[in-house]
Amino acid sequence: MMAIDWEKCFNTKFSTFAICNAKLSQRFVNMTVILYSTTVLLMSSKVFLKQDDNIASNISTRLFIIDMDLPFDANQRFVYESIIIAQFFFSLLCADANCLLNALLINLVNLAVQKILLLSLMLLFIISTIY
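Per my numbering, the very first residue in the sequence shown carries number 1; after that it's consecutive.
The reader is advised that the hints may include incorrect statements.
Quick list of the computed label-pair ranges, beta carbon to beta carbon [claimed, not checked]:
no., residue 1, residue 2, range
1, ASN102, PHE64, 25 to 31 angstroms
2, ALA86, ASN110, 57 to 63 angstroms
3, ASP67, CYS20, 19 to 25 angstroms
4, MET122, VAL47, 53 to 59 angstroms
5, ILE126, LYS23, 30 to 36 angstroms
Subject to a maximum C-alpha distance of 20 angstroms in a straight line, what follows is the list of computed EDC-like cross-link-like pairs (lysine to aspartate or glutamate) [stated by the list, open to error]:
no., residue 1, residue 2
6, LYS46, ASP69
7, LYS50, ASP67
8, LYS46, ASP67
9, LYS50, ASP96
10, LYS115, GLU81
The hints are simulated quantities; they were obtained by calculation from the structure and are not laboratory data. Every residue gets a Cβ at the ideal spot worked out from N, C-alpha and C, and that includes glycine.
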């Protein structure tokens, strides 16, 4: 009995339309998350790839991903590496949160536009059947 109901549900045009839109939205979100994460990785690569001898010998000029003034000595190796790792994950988290909010808003606007178009087509059909 339940299997028959599921077959009826999946055979309708609306379910295929909704599934197609859901897959498209998922692909869009995946693409934007990858794009934002790549942006953070490229932005922070200046710190990871900076291996000049002048800078390595002078530890007071070490670069951070996010420029900040710390109330403690951040030039020690363990502290510096911990700060760099924390800044990288913080940047990644902020970028991905921003990405997901943008994708949510874009998908909601897309859904609203589709609903408005569907309602306008239904209204035109009703008006054309009356006259």
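Do the Cβ positions of ASP67 and CYS20 conform to the proposed distance bound of 19 to 25 angstroms? violated, 45 angstroms
Pair hint LYS46 and ASP67, alpha-carbon separation not exceeding 20 angstroms: The given pair, whose Cα atoms are some 13 angstroms apart, holds under the 20 angstroms limit.
If I claimed the Cβ atoms of ALA86 and ASN110 lie 57 to 63 angstroms apart, would that claim hold in this structure? 36 angstroms Cβ-Cβ, so the 57 to 63 angstroms window is violated.
Cβ-Cβ distance between MET122 and VAL47: within 53 to 59 angstroms? holds, 56 angstroms
Hint says 25 to 31 angstroms; check whether the CB-CB distance for ASN102 and PHE64 agrees. At 26 angstroms between Cβs, range holds.
If you draw a straight line from the CA of LYS50 to the CA of ASP67, is it 20 angstroms or shorter? holds, 15 angstroms
With a cut-off of 20 angstroms on the C-alpha distance, tell me whether LYS115 and GLU81 pass. violated, 51 angstroms
Given the proposed pairing of LYS50 with ASP96, does the C-alpha separation stay at or below 20 angstroms? violated, 25 angstroms
Holds or violated: 30 to 36 angstroms for the Cβ distance of ILE126 and LYS23? Between ILE126 and LYS23, where Cβ atoms are some 31 angstroms apart, the hint holds.
Proposed proximity, ASP69 with LYS46 (alpha carbon, max 20 angstroms): holds, 19 angstroms
When held up to the earlier numbered hints, the structure conflicts with 2, 3, 9, 10 and fits the remainder.
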